[in-house]
Amino acid sequence: MYIIVYSVFSNELKISSLSSFQPKPKSKISASRRLFLKTKLVKKAMAMLVAEKEQKVIDRETTLSERVPALKISGLSVQDLQNLCKELHQKIDVVDEERYDIAMKVSKSDAEIENLTMKIIELKGKKRPQLKRVRVSAEAMMGALLGAKIKESVDFKANLKTVKKEEEKKEEVTDWRKNVDAMSGMEVTTSRQLGRSCNSQVQGPAARQSFRMSKYKVFVMRHGEGAWTKENRFCSWVDQRLSEDGVKEALACGHLLREAGYHLDVVFTSLLSRSIHTAWLLLEAMGQEWVPVVRSWRLNERHYGALIGLNRAQMALNHGEELVKQWRRSYDLTPPPIDESHPYFLEIYNDRRYSTCDVSKEDLPKSESLKDVLERLQPYWDGTIVPEIKQGKSVLISGHGNSCRALLKHLEGISDADIVNVTLPTGTPILIELDENFRPTKPMQLLGDQEAIQAAIRKVEDQGKVKQTT
Numbered sequence: 000m001y002i003i004v005y006s007v008f009s010n011e012l013k014i015s016s017l018s019s020f021q022p023k024p025k026s027k028i029s030a031s032r033r034l035f036l037k038t039k040l041v042k043k044a045m046a047m048l049v050a051e052k053e054q055k056v057i058d059r060e061t062t063l064s065e066r067v068p069a070l071k072i073s074g075l076s077v078q079d080l081q082n083l084c085k086e087l088h089q090k091i092d093v094v095d096e097e098r099y100d101i102a103m104k105v106s107k108s109d110a111e112i113e114n115l116t117m118k119i120i121e122l123k124g125k126k127r128p129q130l131k132r133v134r135v136s137a138e139a140m141m142g143a144l145l146g147a148k149i150k151e152s153v154d155f156k157a158n159l160k161t162v163k164k165e166e167e168k169k170e171e172v173t174d175w176r177k178n179v180d181a182m183s184g185m186e187v188t189t190s191r192q193l194g195r196s197c198n199s200q201v202q203g204p205a206a207r208q209s210f211r212m213s214k215y216k217v218f219v220m221r222h223g224e225g226a227w228t229k230e231n232r233f234c235s236w237v238d239q240r241l242s243e244d245g246v247k248e249a250l251a252c253g254h255l256l257r258e259a260g261y262h263l264d265v266v267f268t269s270l271l272s273r274s275i276h277t278a279w280l281l282l283e284a285m286g287q288e289w290v291p292v293v294r295s296w297r298l299n300e301r302h303y304g305a306l307i308g309l310n311r312a313q314m315a316l317n318h319g320e321e322l323v324k325q326w327r328r329s330y331d332l333t334p335p336p337i338d339e340s341h342p343y344f345l346e347i348y349n350d351r352r353y354s355t356c357d358v359s360k361e362d363l364p365k366s367e368s369l370k371d372v373l374e375r376l377q378p379y380w381d382g383t384i385v386p387e388i389k390q391g392k393s394v395l396i397s398g399h400g401n402s403c404r405a406l407l408k409h410l411e412g413i414s415d416a417d418i419v420n421v422t423l424p425t426g427t428p429i430l431i432e433l434d435e436n437f438r439p440t441k442p443m444q445l446l447g448d449q450e451a452i453q454a455a456i457r458k459v460e461d462q463g464k465v466k467q468t469t
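Numbering (numbering that gives the first Met the number 0), first residue to last: 0 to 469.
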């Protein structure tokens, strides 16, 4: 068969065979050839990734060598080396503060986002109420539009009756002794209710005090949960950071105090980071970052000596729960002292922070009972903290489990035997009200959700028990 083709542009007539217009067959690639090409491409991509990683390492080393030159310590004197170490520690402290500041801001933003999300969900779920027509008098409408003055002028007779009733109430003044007795009974009831928040712990003479007026208020709290607290290990003087839950506890404590309308003038902490960071987070949540923070080793946690770093539950399994409880909670039992063979000895006693203490490093404790903690804490309470309270300042102490227990024993008059049963949860503020002689006027009050506080207390108590395996 043939086909006639006429070209308009060339004005020619061509006759061609139909077979010449058939499309050419596509070249076929076998499966093995296709697999080979894919393998080759993958190998090329892997080689490119390896080269990119090597180039990044080279760029990093180049940048570090340019911006952070290597330290030249050869030929330096001991004094120069000490100055260099101090400078490096200062830079590390600055970076740590910035890092925790960023972490606090992120946590705060996350909390705000979560609150806004909950509000949006609530608003979406709410139905708009149907409005009803209500007849309102002209006087009521004028009062609503123009304020309270119109209401007073319109309803003058009713206001006059109210004033007369108030004057009659003022005249009905009874004997002041009866008012004091009534108030005393009310305060005792409230104190008993709040006293249950200490997991029915034995209270000192403060629970049996006759009614006295409170002149001072002091807040005491154990720091938020630490990293080793979560691992159930004796942390003591080893400097550990707060866990994620510890950060949340400190922020929640600050929000609680802020919502209750409390203001702080000075905060006292130990030299350990978990105590200091709790104070920072709390003040951040309260919006009172400018409040001064005073640090002292005398508020440090109890020194557990050779027990530092050991797991409490494992020790309970090996030595018995009762003995571990005595080691943790007793008043005058001292654990075995730490020595230079202990893995954390040098980390503690070579720490630069302890060169700022009012005693030499040689005189710092190697092991302590709760009695020893109270003996080193009481002079600081009497000589530094009490004068601030007497000036009318609102004081918060961000301490540790045993330093707070020692202080509460001193203030509440808890006996040596009963202090064993006193357990303090992490991240929970305790309000102590004192009279002019610094004696408690009522039992200590653990502020916050009482059910959550009880659960936190049980969690702390279970740290020294053998874990039940199923």
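A couple of the hints might just be wrong.
As the list claims (entries may be wrong) - When the alpha-carbon atoms are kept at most 25 Å apart in a straight line, the in silico DSS-like pairs for lysine-lysine are as follows: (1) K118 with K104; (2) K123 with K104; (3) K85 with K71.
Stated by the list, open to error - The calculated label-pair distances, taken between Cβ atoms and stated as ranges, are: (4) R457 with E121: 43 to 51 Å; (5) V290 with L122: 14 to 22 Å; (6) V290 with S64: 39 to 47 Å; (7) P342 with K123: 52 to 60 Å.
Hint data in this document are derived by calculation from the structure and do not stem from the laboratory. Source: prediction; values computed, not measured. In this text, a Cβ means the ideal position worked out from N, Cα and C, and glycines have one as well.
Task: In rising order, the numbers of the hints this structure does not comply with - done: Those not satisfied are hints 2, 4 and 5.
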